[in-house]
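J.: Take a look at the letters that make up each chain.
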Amino acid sequence: MTESLVVLDRVVKRFGTFTAVREANLTIDQGEFIAIMGPSGCGKTTTLRMLAGLEEPTEGEIRIGGKRMNTVPPHERDTPMVWQSLALFPFLNARENVEFGLKMRGVDAPTRKRRALDWLERLEIGQFAERNIETLSGGQKQRVALARSLITEPQLLLLDEPLSALDAHLVIRMQSVLTRLQRELGITFVYVTHSQSEAFAMADRVVIMAQGEIAQVGKPRDIYRAPANRFVAEFVGRNNILSGKIAGANAGFVRVETPVGTLNVQAEGTAPVTGTEASFVVAADMVHIDRTPDGAENAVQASLISEEFIGSVVTLFLEAPDGTEFKVQLQERALAALEPRTGDVFHLSWKAEDAHLLPA
Amino acid sequence: MRGASITWALRIYLLLIFTFVFAPIVFSVIFSFNSDRFPTIPLGSFTTEWYAKIFADSEVWEAARNSLIVSLSTCILATILGFCTAYSDYRYNFKFKGPYLALVLLPPTIPLIIMALAMLAWFSKIGVSGQLWSIIIAHSVLTAPFAMAIIRLRLNQIDPNLEPAAWNLGASEWRTMREVIVPFCKPAIFSALFLTAAISFDEFAVAWFVSGLNKTIPVLVLEIVQGNIDPRVNAIGTFVFFISMTLVILAQLFFLARLNTKADPQ
Amino acid sequence: MSRLNAYALTWRLPIIIWQILFFLGPLLFMIAMSFFLVKNYRMIEAFEFKNWEKMLSRGYVWDSYWLTLGLAALSTAIASLIAFPAAFFLAFKSSENLRRWAIFLLIIPFFTSYLVRTFSWYVILAESGVINALIGNIGLGPYTMLNTKFGTIIGYLTLTLPLVVILQTVSLANVDKNLIQAAQNLGCSPWRTIRAVIIPSAKAGLIIAALFCFILSFGDFVAPYYLGGSKPPTLPILIIDTTKSGQQWPRAAVVAVMMMVTLFTIAFASIMLAYRKRVSK
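Chains as they are written, first to last, in this note's numbering: chain A, 1 to 360; chain B, 1 to 266; chain C, 1 to 281.
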């Protein structure tokens, strides 16, 4: 069996007494778009820097293409990186920046130039080839930085929050540029970001890190629907988290006694013992909201506190009589039919299959 | 209206300060074209006699040649030393970094006359005194801190990811030095070259002590003024003034031009 | 990537060796030399206190010492006082543009030969020089200005005044403008604002400016020699005389060490004074 392109095998990184990454295990396949996400200081950038060889793991092993990479210096790897600050060379023009990697590999000047111009064309900034870096716009610089790291046609591209300095409208544009490129080239992207929308919009799989540990690895949908633990559930943020006591179990479901009533929750594997504390999540867009009860098994009444629009999606914030807060996400069209006013009481309900029990 | 009149008074005051600072420079230039051996007011007639005299004097040419060699060698040596220190300070954190920086930066705070005596004694002890390169060594110690300061300021402006970015694209550390750090610091390196050359070109106390028989221009001036009133000094001074000013203005152009374009439009 | 390797050492080591060999070496050797002996015009390495005893017991050495200290202190006081109104104007009352130009102009003198400027003063201040010729027209003078303490101070100021104005301007310009406005809103008169707000806020910079002025004046031999007449000589002139005539390098070293100890003491005291935290009441 051939090994995955990138393997992190119980990797630990310590800086003095501070542990930045602890016991990280991760495999990344050829052609995958992986996003590593987490709050600042969670170890995501350190992980990326270890892949680039800018930091050496304290323990464990990093293998790329089956080869142990721990002590290979950065310039002997083929793991180009797109930097948050872009790190373009200010004393070189756009074309010379793109050529840099080839120049270091001893490629002759005419070939270098031709290939650099090809890449600049491909990223639609061919006309700026001879321009001074300082005179380019943020988006153009971003494209130069991308061309510079892709010109050596690597198997693996590392991206460290590359879009964080761009305006919101450019971010969306660059996201589609990145996903298109990744698909066309068929190379592996490891993309570090603190932005959930970027990670979920682009990545095949998302790695969530917290305090140096990998909290969950999975497809965006799985992470959203079935967070592995409370941290991920809270970090993803579009979840309703409810807590209570297990009241009983039958056939893959448990009943949880919460302040807003006894609710049915799907339970994979062995059901927890009756009487123990338990938490579960319900994704905000899985909650049905109506003015009249619809007779579903999990129903709660709550009054509207506020609403928030992001694009065509609306999030409603509601409060049950005991103070438990609920988030409900729906399309703007559905909202119009509901005609909500602050203080109105609504009936919320969801299917037991959409409720996901968090590990204790 | 009182505020305005105070401002005017201060403006005139500033003008007086500038008069004091520039009077000797201006008079020196005027005297160098004045026919009187002992110039006063009213001025004598216009002459280029003093310039003709210094250009005909082989001793002046000899000193000019020495000064040129000394300041050229000094500026190269001091800039290399300053660059190494600035880069070490920028790139690395290490034990005893404080003492390390002090060792490099302290020389300008010690009076030149003390450095002159100390270097004279030490150089004769280790057998390198009385040579032209004794002055070069001494001047490089005295001027390296200025080179260090200028280059360090430039390195403050570098994106700390620029070096890693070059490694990441396949450049070794040495290659990165050549392809990234040196090109980035180029304006500061030129500034440092001009500035250290200018300081070395004017320094007389240490040069006088350690030079032996190899006089530089300032040492020659020192010897001339020890004798009699001699307007050749003004001619030499005016000449040297324009050379120094050219160097300083070049240093400014290189450095300030870069400082101003530093702002990233992003 | 910050491990100690050949690359890191290449940038760090050369200057350490260079400065130890040609900066620290000379200074330490000079201190050692102050204990050497001179016999038949030859220096003998020894550890004797003879030079120290001789120099410290001579009245003329102490005369020079107090003269040098006094003149340098006087020059520091005068330069600081003269510079302040100009720095105040540049920091608070002038346009940004004027300030930048003024500082640029004040840097120029550092790159013109101090010797030539001193010689120029020599001609200007002479009995029949420019100044006496000018005031002679209105029936005054002639005044003797050369070979006096006045001449020395003029020379010192030529050397130090531009630097003091620059340093004072920079430190005053860094005073928080809100602080000044607050003081004025609270009814402080302009004079009181300067004394109670501006000077305490810029204290560190003002003291450092004065310290630089002191160091430069204390170590200068050109002004006291050519404009001050060198009677009695200042310490730097004493070093030159002792070194250049009679090969008495160890005695010159004694004077140099005296100067260094004095300077370090004063520098240390100034820096303590400059950065001392004000005691909160």
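Careful: at least some of the hints might be erroneous.
Claimed, not checked - Not close to chain B: a few residues of chain C, all C-beta gaps over 10 Å, as computed:
1. Pro85
2. Pro109
3. Ser113
4. Thr193
5. Ala196
6. Gly205
7. Asp220
Said to hold, decoys possible - Capping the alpha-carbon separation at 30 Å, the derived lysine-lysine pairs in DSSO-like fashion look like this:
8. C/Lys231 / C/Lys50
9. C/Lys149 / B/Lys125
10. A/Lys351 / A/Lys219
11. A/Lys245 / A/Lys327
12. C/Lys203 / B/Lys97
13. C/Lys203 / B/Lys125
14. A/Lys103 / A/Lys67
15. B/Lys186 / A/Lys103
16. B/Lys125 / C/Lys39
Simulated from the structure, these hints should not be mistaken for lab results. Glycine is no exception: its CB is placed at the ideal position from the N, C-alpha and C atoms.
J.: Would you assess whether glycine 205 of chain C, listed as outside the interface, keeps its beta-carbon beyond 10 Å of every beta-carbon in chain B?
T.: holds (17 Å)
J.: For the pair supplied as a hint, lysine 125 of chain B and lysine 39 of chain C, is the alpha-carbon distance within the 30 Å limit?
T.: Distance ~17 Å between lysine 125 of chain B and lysine 39 of chain C Cα, so the pair holds.
J.: Does the no-contact call for proline 109 of chain C survive, Cβ to all of chain B over 10 Å?
T.: violated (6 Å)
J.: Mind checking the alpha carbons of lysine 351 of chain A and lysine 219 of chain A for me, to see if they're no more than 30 Å apart?
T.: Roughly 22 Å separates the two Cα atoms, so the pair holds.
J.: Does the structure keep lysine 149 of chain C and lysine 125 of chain B at a Cα separation of 30 Å or less?
T.: With Cα atoms ~38 Å apart, lysine 149 of chain C and lysine 125 of chain B exceed 30 Å; violated.
J.: Mind checking the alpha carbons of lysine 203 of chain C and lysine 97 of chain B for me, to see if they're no more than 30 Å apart?
T.: At roughly 28 Å apart (the allowed maximum being 30 Å), lysine 97 of chain B and lysine 203 of chain C satisfy the hint.
J.: Is it correct that the beta-carbon of proline 85 of chain C has no partner in chain B closer than or equal to 10 Å?
T.: violated (5 Å)
J.: Are the Cα atoms of lysine 186 of chain B and lysine 103 of chain A separated by 30 Å or less?
T.: holds (21 Å)
J.: Is it true that the CA of lysine 245 of chain A sits at most 30 Å from the CA of lysine 327 of chain A?
T.: Given that 30 Å is the threshold and the Cα spacing comes to 22 Å, the pair holds.
J.: Does lysine 50 of chain C lie within 30 Å of lysine 231 of chain C when you go C-alpha to C-alpha?
T.: Within the cut-off at roughly 26 Å; holds.
J.: Just checking, alanine 196 of chain C versus chain B, shortest CB gap more than 10 Å?
T.: Check passes; 19 Å lies beyond 10 Å.
J.: Between the alpha carbons of lysine 103 of chain A and lysine 67 of chain A, is the straight-line distance 30 Å or under?
T.: Within the cut-off at roughly 25 Å; holds.
Checked against the numbered hints above, the structure violates hints 1, 2, 3, 7, 9 and 13; every other hint is satisfied.
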